Structure formats: structure tokens, C-alpha cells
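A.B. asks: Read off the chains here:
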Amino acid sequence: SQQGEEDPQALSIQEGENATMNCSYKTSINNLQWYRQNSGRGLVHLILIRSNEREKHSGRLRVTLDTSKKSSSLLITASRAADTASYFCAKIIQGAQKLVFGQGTRLTINP
Amino acid sequence: DAGVIQSPRHEVTEMGQEVTLRCKPISGHDYLFWYRQTMMRGLELLIYFNNNVPIDDSGMPEDRFSAKMPNASFSTLKIQPSEPRDSAVYFCASHRRGSTEAFFGQGTRLTVV
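Protein chains in written order, with this note's numbering: chain F, 10 to 120; chain D, 9 to 121.
Source of the hints: derived by calculation from the structure; they are not laboratory data.
Remember, it's a predicted structure, so these values are computed and weren't measured experimentally.
A portion of the hints provided could be inaccurate.
[Claimed, not checked] Taking CB as the label site, the calculated pair distances span:
#, chain 1, residue 1, chain 2, residue 2, range
1, D, Q25, F, S77, 44 to 52 Å
2, F, E64, D, E22, 50 to 58 Å
3, F, L84, D, M48, 22 to 30 Å
4, F, N119, D, N79, 43 to 51 Å
[Unchecked claim] Sample of chain D residues with no beta-carbon within 10 Å of chain F, all distances over it, derived:
#, residue
5, P16
6, E22
7, M23
8, R72
9, K86
10, E91
Quick reminder that beta carbons are idealized off the backbone N, C-alpha and C, glycines included.
Can you build the whole structure from these sequences, using the hints too?
C.D. replies: Here's what the structure looks like:
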């Protein structure tokens, strides 16, 4: 089974608002990554946070990691219509090179 | 670099037929992954290779599925015989040694009727 879940499964907000997506996992990880998937396309890497990091920024993206709670969040600030996509967290399990994905959050930005 | 290239983009086949999906990873990438994506099960890792050697095939659903990587620039995922429940989008991804940032192909949408 997949390692952990994202929530919410779907999120619809107005353009300009912030979007927050959460990801939980079950086993120890080396790092956690977030990917975006536009409809009908492959996944695109957004950001990686290592297990010894707590927060990371990239442009309008902010990722946090709480290893004690085994959870991560992705914040997209000042959302745009082009941010409409599915967002997935992916975990590298300790001791393996397997990149395991959650079920994803479908984000819709309404103009 | 052209990125990870998958072919075909779409495949429609009849139940019982053999299906072969193809992937060309990014040059220099040592790791190659095959994923299957469905609405019900999300993105499942089927198998991955390191330096052309299969490392973990525990996600391969059953013996009808097989994957090969004869060289560093080519991999295939074969389904024989195909069944309607195999209908999904199949993705290939690769990354280089020392990094876990995966680069995905555009996927192959397989429909088995």
C-alpha cells in the first residue's frame, strides 16, 4: 500500500488565496518531495525537503516537515489559475531508493 | 535533453493481446521506475531498475506483467495477456545517482477493451 495520505483530496479556492495541502506518512524517511501533475501530463518535481530540515521555500511555495508527527505541508501563496493541478507528496523510504507517492490533492483555482 | 520519452502515448488493445510499453530515460540517469496510475489506486510503483538491473519488482501485480532494461537507454513494460483491469496510465521516470528528484515521461494511456 502507499505510504501515507494527502489531504484534502480536493481543494477549490479563489485566485489570489493561499492553498495548503497536507501529507502524512508512516515510516521513517530520508526526504520528502512534492510534485505537480497537470491534467493529462506527467509529474513535475516542485521541491524536496530533507528529513533534517523543517521548512523550505521556493518562489511561492513553502514546504514544512514535522518528523515527529510524520507529516508535511505544501503552501502555495497568492494562487493563480495556472496552479490548477494535482499535487502529490512522495517519500523516499529509509534504506531504499523507492519513491512512493500518496493519492494526491486536486487543486482548482477559480478565476 | 528531451526528457524521459515514452511510447506510445495512447494504446487501445483487445483483451488477451500482448502490450509493450517503451521508455527512454534521460541520458546519464542510473535509476528507472515504472508506475501505474488509476483513479482508484493512485500512483503505484511497479518496478525499478538501478544500472539496468531490476531492484524491486514487488509492485508488479501479477505474472502477466514483465519489465526489462536491456541497456541504459531503453526499458520495456510488457503485459501478456492484457485484461480490461490493466487499463491505466503508465509512467516511466528516471533519476541520476545521488539525487532522488525524479523526471517523468508523459505517460502511456492504455485502454484494454
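A.B. asks: State the violated hints by number, sorted upward, taking the hints as numbered earlier in the document.
C.D. replies: Per hint list: zero violations.
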